[in-house]
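Novice: What follows is each chain in one-letter form.
2 protein chains.
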Amino acid sequence: MAQKWVYGFGNGKADGKADMKNLLGGKGANLAEMSAIGLPVPPGFTVTTEVCTHFYANKQQYPDGLKAEVDKAMAAIEKSVGCNFGDAKNPLLVSVRSGARASMPGMMDTVLNLGLNDVTVEGLAKRANDERFAWDSYRRFITMYSDVVLGLERHDFEDVLDTYKRRHNLTSDTQIKADAWKSIVAEFKQIVKDKLKRDFPQDPQEQLWGAIGAVFQSWMTPRAVTYRQIHNIPAEWGTAVNVQAMVFGNMGDDCATGVAFTRDPSTGENFFYGEYLVNAQGEDVVAGIRTPQTLTIKAKEREGSKLPAMEEVMPDVFKQLNDVRHILEKHYRDMQDIEFTVQQSKLYMLQTRNGKRTAAAALKVACDMVAEGLITQDEAVLRVDASSLDQLLHPTLDPKAKKQVIAKGLPASPGAAQGKIVFTADEAEVWAKRGEQVLLVRVETSPEDIHGMHAAAGIITSRGGMTSHAAVVARGMGRPCVAGAGSLQIDTKGKTLKVGTVEAKEGDVLTIDGAAGEIILGAVPTVQAELSGDFAKLMGWADAARRMGVRANAETPEDAKTARHFGAEGIGLCRTEHMFFDPNRIQKVREMIFADDVEGRKKALAFLAPMQKADFKSIFKIMLGLPVTVRLLDPPLHEFLPHTDADIAAFAKTANIDDKRVRQRLSQLHEANPMLGHRGCRLGITYPEIYEMQVRAIFEAALEVAKEEGKTVTPEVMIPLIATRKELTILKTMTDRVAGEVGIKDYTVGTMIELPRAALMADDIAHDAAFFSFGTNDLTQTTLGLSRDDAGNFLPAYTDAGIYARDPFQTLDTQGVGQLIEMGLQKGRKTKPDLKVGICGEHGGDPDSIAFCEKTGLDYVSCSPFRVPVARLAAAQAALKSGTGKTVPMKKKAANG
Amino acid sequence: MAQKWVYGFGNGKADGKADMKNLLGGKGANLAEMSAIGLPVPPGFTVTTEVCTHFYANKQQYPDGLKAEVDKAMAAIEKSVGCNFGDAKNPLLVSVRSGARASMPGMMDTVLNLGLNDVTVEGLAKRANDERFAWDSYRRFITMYSDVVLGLERHDFEDVLDTYKRRHNLTSDTQIKADAWKSIVAEFKQIVKDKLKRDFPQDPQEQLWGAIGAVFQSWMTPRAVTYRQIHNIPAEWGTAVNVQAMVFGNMGDDCATGVAFTRDPSTGENFFYGEYLVNAQGEDVVAGIRTPQTLTIKAKEREGSKLPAMEEVMPDVFKQLNDVRHILEKHYRDMQDIEFTVQQSKLYMLQTRNGKRTAAAALKVACDMVAEGLITQDEAVLRVDASSLDQLLHPTLDPKAKKQVIAKGLPASPGAAQGKIVFTADEAEVWAKRGEQVLLVRVETSPEDIHGMHAAAGIITSRGGMTSHAAVVARGMGRPCVAGAGSLQIDTKGKTLKVGTVEAKEGDVLTIDGAAGEIILGAVPTVQAELSGDFAKLMGWADAARRMGVRANAETPEDAKTARHFGAEGIGLCRTEHMFFDPNRIQKVREMIFADDVEGRKKALAFLAPMQKADFKSIFKIMLGLPVTVRLLDPPLHEFLPHTDADIAAFAKTANIDDKRVRQRLSQLHEANPMLGHRGCRLGITYPEIYEMQVRAIFEAALEVAKEEGKTVTPEVMIPLIATRKELTILKTMTDRVAGEVGIKDYTVGTMIELPRAALMADDIAHDAAFFSFGTNDLTQTTLGLSRDDAGNFLPAYTDAGIYARDPFQTLDTQGVGQLIEMGLQKGRKTKPDLKVGICGEHGGDPDSIAFCEKTGLDYVSCSPFRVPVARLAAAQAALKSGTGKTVPMKKKAANG
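Protein chains in written order, with this note's numbering: chain S, 135 to 1031; chain P, 135 to 1031.
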């Protein structure tokens, strides 16, 4: 059988259906589907995406037989509507639209009223008994066609229209009479002739093939090509072309055109939400020249509109439309975004597709539809965009409040916060202790600022990207943060912040919106996030469906509590360096670093040991019954040292060490590339006493909590930055020895896999590890050779050029880094089939990365506390999509439900 | 058939042979071999390595049947020599020695005279008619046995002996009479009784099994275990034990003992080289108490010795020994290192093995043996240690000269150099221009010092390891360098260098020995390396045997000339940044970096373009007919900027830029981890005009040289730091466009593979690359997460702990990084079967790494000019060993030759 190039639809029948999007494009497939289920769709046909592919594979030639199929399909439309294409008395007009699998910028949109020429316009006028309508349609057609098919400038035509209106003191196109349109059309045709040295095409067949060709040509515009490159859409997919009999919303007051959502897309309420205009064509609704009217009386009242609702103006058609709304929701089992036209009191459906919605709406629609029996719980889980949950978990600015935005930065950590600004971490802590709510303002933050970031309600930086220290730590802590607000001039010594003419001093109040990246003068009221019953319901369904565990990265009691509140099933990464930065301890930590020998270090460590133990006890108590993975000291020692002259002097004095020696040691410890330096397990190998103190503190804490609470506590000791099995062997041996000395039996030892070599050698390393946790932040840095701290200088240019589709520190580079994760997991499990494998980088809270983890077979993901619900949902979705979910397959369930 | 645990030898027969080293150990296998070919070997037997393995696999129990086999073998010895073990009148004495596959520190060495006790000593005395000899032998036995078998301290025994000699004013053991020995032996036995609360074992069987057990025990001493871990020797290999009838070199003046090499091990001359002592046991030769005598009269004359040569003293035995020498060389086809004993004018051979030799000797021996028809050319190629060639290529200190070493550092780059010391690169250049020979002294060097390093005859630093900037660059340039001499106190401002009480000022003369890491006061005469005809001969044979190409990393005309002189077959890495550091250009480079926009940058680049073109022209001319791979700009821009206050002020003034702006830009360009920062192709993507200038300069230079010389020049443009195919696509498109504009057709574009992601995605990247060059320096840094600049702080500790057997920046980490190289090559060739693949890191000149490259199937290696001969030889050896060599298989050749 020869290949079929054209698929017709109309009159309750269709060659295609909704699941043929690859062949017919999204628009064409849904038009076919609506037609097939008996909805009023103007008859038409779809030229398939395969024609597009053939077109480009064959020097822009159409396949044999296409012309005949199009002719046949046009004849079917003619028969259906009772007019003929190009007929002088009873002309058929059509619309031509592109329709790829997904809507794509750069593609040709629409040509309406195709088939009009100097002859048929008269026929149309007579048939409609409305000369003005016919010439209005003709001028619209000439404008659109000249723009999108002939490549002329739209504004050349609009200028003519504007000039006419100005000259005649008119404000609206509707005021223009038929004769005026005639002369305007003449001018339009002259423009075409002047520009192209030929007449505007009068032959409807030429018009039709011109428009079809223009759709295919638009597939290769630079903008479309770039978009596809960035979104990894293969050029071979191609676009379809939809040709459809015109229906007119602009034939008089019994005509209308409109768009609607079957439910409220911002709240999710089951409420018919939309707009329409009487006597208008589709483009008028979007153009915003006339004020659109509501569909329902209820909506009109809610919005306080004075314009009559469609329900009042054309109650019969409205009822019909409302019926269609219910039919579509039942049929598609999702909220729909529709376009319709009413021609002489008859309703026509021009488009339907799943409607975009806010996070809150998605949640409500999904839960309501389960209650209504429309979808299963698993489907509900799949209906909510996991990333969007973030919006629901943080307080937000009161949308009704006024605000003066003084600067914009990156939306580094969501939520709104306000407070008096301070310029150092120490000040933040001092002010917070005396009960002030503060915002910490820094050029950029470093680990020394952690206590100040904790003390602050929010953080502002003028430098750094979405994965700068400030951004990462703030997200981890759930503190709102606007990072990299480059227009801010921060004078830390002078304690002022300038931007343009605005200056704010220490103590002045600012507000930030971390989701929008806005910095606002003064205090703006915020609204606390309320987690609805729907939220709990959906999380419950997600938990039932997911295979992977979800843990949190947390190291303070506060973080641990938040994590547990949000449903974390343990801690996947408890960093221990944070505890070293505490202002009460940092002096001793520094003395430890300055000690001349092991004994000196041990003395300082003995001071720190009980504090670490207390930290661990409090976390083990909060997470009682759940696993806690503690990572031993990771950052290079110089991160703990004083850097400013004042700090150096202060430390030297307190520690009673010569100032010069302090500086000498600082220079000794300085590293050219600290990321690749003396850190992680390398500290444990060279200064075993540090790791030994930490391990002892962990084990003693576990035993004491177990005794106090009467429940076993099983700490998981995690060794960072392993590159060779031998490193792990040495440190595991030490850990086992200390365990013996302390007398603990329930514990495990595992490792981060965060260097390419560790992934490559995972089979060897697994011999000594009870678990692996992929540290994808560092693994991404080393695999891509890309410093997270420095990438800000060129990563935006890279993303613009489509080199990395997305920031690889936010969404896992599954092609590259992903290979190492797969390798690490497979090799590790080859040695030890029951090896527990998780991920604890920033990616652990990113839905796309979570999907990769599910596919790869990881046991759990670990993310910052505020991302835990996102991860729970994303893990469930990944499980359902890959068929690894715990629940029964969807279709069966749907059949049962 | 039951397993055979014991292999006997003696009387012209043997159960084993030379190629059974795995089972019999090196010593045992060669004893068997010598016995089998009829050489006079005292009869004995070898307990196999499998007994050792069994011993440790079975709770230190010997296998069933071992006892019976040993008894049988002892009986065979008894029968052969006509004495009986433990017999009061005619006692058999034996030696017991360990013998693993290779000699290993920490293993038990030797127990001589085993079988002596209070009774047999009398029998021995009577049989030898020499009471003194018998009791001397007994005291030797007690000392050795107590030390190595009973675990007592040797010095406790030596103290007794020393006390006796002091008390009796004796200077030599030979002056001690029989009765004295008797009383000393009594004291020795008392020591044993005091320490162990039991008598020294009198039962010869107990002695024998004690000694055998001690050999096996020594296999597991911590020192042996550590050695095996570091050298990757499996514990399962085990050691053998050799038991052999004693022969006595100490029974009178017709007795002797000696060691010899069949040729001179320092020159390679075919000259019998060795020492012997009359009336002595083996240990006396080594102990150095008596002055050993020469073997030949010729040697005696050469050395001006007054002691008679063996050739004179015992001409018959000497003739016999000289015959054995020739037999062994013919049989083993290599220079041998032998041990022998003469007992009452009868020669016995106790050991033979391949002799260690200097590089010069290895070269001469190999060439001579080919001429003598002993070995094939391919074998000769395999006989010379490739690394050792380094010794032959650089001038060395005159070994006869006196020298005062004031400090030691790392032997960072071989060769000797002397000169007046200067403390800055600029001074070095100034002094050198006025004809002075200088040594550049720096705390550490940076790319800004390159011109000074070039100008200097040698380099000294007080900081940095074997792979510090100074070390790497110096090796690349062939400049001698002593790096990381930590005891030096360098005062750059004061222009002095202090070490202990010695102080040297600018202009004072020092000498360095880069191969020894020595810094010497004053001028020490040097000897220029002379490349012998043998060298050229061997290189010719190597070139005939190797499969891989050998190129050089070179970017100056001087380097390129050296490379070509040493036989490089092209340039594998021509860095272009060096050209930017030139003092005449750096100002413009900096202005380019400070330009506000593309136009400003282009202006500065226009100044640099003709200079780059001239650089390329000169290199293309030197390498005419050979390929040249040019790498586009790689280091981050901040490396080019001024850093000291003075430099900043000077630059700001010349460039007419505000000082503040200069500092601002410096801070903007500062990077936390420059190694992972804005460098390599990332510069080409963000500042395309820089790469475009370079590409244009390369192509124009190539065309001009081609025209001038009438020969095609085919430059290979290499893009650094590629992580994604898209980066390469963008830059290749640019390169192709410029090529079109310039009008060049003969060129290729390829990429470095130096990031793990590039290796992982090599199949994708290969679509746009004509060649790959593995940049193993950076690939090692990223794969291991290890900064070359910072590793010095902990890498020594790591090597000590056996975590990395060798510095992974010197010898490729084949287990980890090697996987990525294999992957990159295989994936690349899958896409493009004819993809040319090389390596251009430091590893390209390391023989072990070269062997890996051969095995993996790379097309070429590229290394610093002075390593080219090393690489040529190593590549040939690797090819011959893996059977990928170009010549016919060795055995056939040997048969033909």
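Simulated from the structure, these hints should not be mistaken for lab results. One should not assume that every hint holds.
Given that identical chains are not distinguished, each listed pair holds provided it fits within a single copy or across any two copies.
To be verified - Derived SDA-like pairs: lysine to any residue, alpha-carbon spacing no greater than 25 Å straight-line:
1. 966 / 953
2. 794 / 717
3. 751 / 235
4. 794 / 620
5. 964 / 401
6. 627 / 800
7. 860 / 467
8. 223 / 235
9. 860 / 953
10. 860 / 928
11. 961 / 897
12. 323 / 425
13. 213 / 948
14. 860 / 911
15. 961 / 488
16. 440 / 842
17. 722 / 927
18. 989 / 897
Novice: Determine for every hint whether it applies to the structure shown.
Specialist: Hints and how they fare:
1. 966 / 953: both (20 Å within a copy, 21 Å between copies)
2. 794 / 717: This pair counts as within: shortest intra-copy Cα distance 23 Å, inter-copy 35 Å.
3. 751 / 235: Neither: 55 Å inside a chain and 54 Å across chains, both beyond 25 Å.
4. 794 / 620: Between. Shortest inter-copy distance 18 Å satisfies the 25 Å Cα cut-off; intra-copy 37 Å does not.
5. 964 / 401: Neither, since 50 Å and 54 Å both go past 25 Å.
6. 627 / 800: both (24 Å within a copy, 21 Å between copies)
7. 860 / 467: So residue 860 and residue 467 fail the 25 Å test inside a copy (57 Å) and across (41 Å) alike.
8. 223 / 235: Answer is neither: 38 Å inside a copy and 106 Å across each miss the 25 Å cutoff.
9. 860 / 953: both (24 Å within a copy, 18 Å between copies)
10. 860 / 928: For residue 860 and residue 928, the Cα distance is within 25 Å only across copies (15 Å; inside one copy 37 Å).
11. 961 / 897: Answer is both; intra-copy 5 Å and inter-copy 22 Å each pass.
12. 323 / 425: neither (31 Å within a copy, 118 Å between copies)
13. 213 / 948: neither (53 Å within a copy, 75 Å between copies)
14. 860 / 911: both (23 Å within a copy, 23 Å between copies)
15. 961 / 488: Classified as neither: same-chain Cα gap 43 Å, cross-chain 42 Å, threshold 25 Å.
16. 440 / 842: neither (69 Å within a copy, 87 Å between copies)
17. 722 / 927: between (37 Å within a copy, 23 Å between copies)
18. 989 / 897: Both. Shortest intra-copy (20 Å) and inter-copy (23 Å) distances satisfy the 25 Å Cα cut-off.
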